[in-house]
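There are 2 protein chains.
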Amino acid sequence: MVRFFVDPETLASDSLILTGENAQHAKVLRLRQGEEVLVCDGAGQECLCAISESSGTQWALEVLERRTPQSEAAVAVSVYMAFPKADKLEHVIQKATELGAREIIAFPSARCVSRPDDKSLKKKLERWQKIAQSAAEQSGRGIVPKVLTIPSYAEALARAAQADKALLFYENEQALTLKMALAGEYATVSLLTGPEGGLEEGEVAQARQAGLQVCTLGKRILRCETAPLCALSAVMYDAGEF
Amino acid sequence: MVRFFVDPETLASDSLILTGENAQHAKVLRLRQGEEVLVCDGAGQECLCAISESSGTQWALEVLERRTPQSEAAVAVSVYMAFPKADKLEHVIQKATELGAREIIAFPSARCVSRPDDKSLKKKLERWQKIAQSAAEQSGRGIVPKVLTIPSYAEALARAAQADKALLFYENEQALTLKMALAGEYATVSLLTGPEGGLEEGEVAQARQAGLQVCTLGKRILRCETAPLCALSAVMYDAGEF
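Chains as they are written, first to last, in the working numbering: chain A, 1 to 242; chain B, 1 to 242.
Hints listed in this document are in silico derivations from the structure and should not be mistaken for laboratory results. Wrong hints could be hidden among the right ones.
Heads up, the list lumps identical chains together, so a pair's fine if it works in one copy or across two of them.
Derived BS3-like pairs: lysine-lysine, alpha-carbon spacing no greater than 25 Å straight-line [said to hold, decoys possible]: (1) K179 / K85; (2) K146 / K219; (3) K130 / K179; (4) K219 / K119; (5) K123 / K88; (6) K88 / K119.
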């Protein structure tokens, strides 16, 4: 079913009108009176709606049923990624959204070759959030993952460490597998991975100090954009999502 | 450690010379006499070598130790993908190689919008194989996955069905999870996914008939290039790789 994201205020009323890009999208899809669509506020509310009026340029909707999103994972996974080159971050935002991440957080680390300056950051965050929204629509999510940046590695570690399972993946770790690290119950997971050049040994030690477990993702070296998606897929599998 | 792939014949002798792109690569890396590198035949043989002579344009190597590759997964996974648009297939070849797939097979299905004609296929296969080789070098694999195409859907199913676990992923399947399908022992796995527009119901029935299990990858709709990599990551996790 087609899925639109709107502001929570728009969804407060039982009748609403599609505007802006949503109206454009409805036009492309040639939606007609009587057809059913889903409208979400992107924060956990999903409404089954019927098109009550369609002029060909304007679409009025009536809410038929309010419900919690049915496509969200029970486990809340936060993907922490050291700033990679721009196209890789966009790739990870799109794919991690499809795979069900709850949030995607970019942070600096010693070997990051790319890091947006403060001036361009606001615009980039808007762009990244839009990529997440678009991927959420396409994959049928009820929540749009938040994309955020954290200004320091230490702060990223402190935030990541709050999850039930806070995991850092490091290519020189061989003993602790992800499977061991995920043993037991968990409702929240942080997955932290390094930039193109990897994390420095000192940074890995710092993460351990902050309370993260340091795990392996297997015997092969994964690219910086592959590692978080591999880990996220495995966590969703472990959590019983598929 | 740096890794070169050479023909099996080159690796038959205990002293060898790097040629072509390998020599180029050695030059870029400024490899010097005494340094150790890995040389693989891409088919299961890996040799630890030392650089015995380096002229700056030519590199002679001595084999120190012959061994089986240490970075290969015990489970042999074949990724069967309905022809997507070209850039997506290349993406999947690169990533599936990193993630440890043993082979990547493209095949036609009813809703494929893109399918190379026979004339261009040979050139494309060369290109795809090169992408796999390059990803194998970077990720430290001992085997270069074979990239092949199969001319019909029925033949793809028949080949896929020979694995211990032959699985097709379908967005309308909800009951059978990948976890259920992987229960028990297995040494070989086939993972089959559809093109951009999905597989047709009749094709899914045909796959069942051919002996494949039809599973879900969760409640979210994955893009055609995301599904095989998500499934492959989960199988590697399930098989105890990380």
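Status of each hint after checking the structure:
Taking CA atoms no more than 25 Å apart as the test, K179 paired with K85 passes in neither setting, with 30 Å inside one copy and 35 Å between copies. For the homomeric pair K146 and K219, the shortest alpha-carbon distance between copies (20 Å) is at most 25 Å, but the shortest distance inside one copy (32 Å) is not. Neither within a single protomer nor between protomers do K130 and K179 lie at most 25 Å apart by alpha-carbon distance, with minima of 33 Å and 33 Å respectively. For the homomeric pair K219 and K119, neither the shortest alpha-carbon distance inside one copy (40 Å) nor that between copies (38 Å) is at most 25 Å.
Within a single copy, K123 and K88 get their C-alpha atoms as close as 17 Å, which meets the 25 Å cut-off; across copies the closest is 28 Å, which misses it. For a Cα distance limit of 25 Å, the shortest separation of K88 from K119 inside one copy, 21 Å, qualifies, whereas the shortest one across copies, 33 Å, does not.
When the structure is compared with the earlier hints, violations turn up for hints 1, 3, 4 and for no others.
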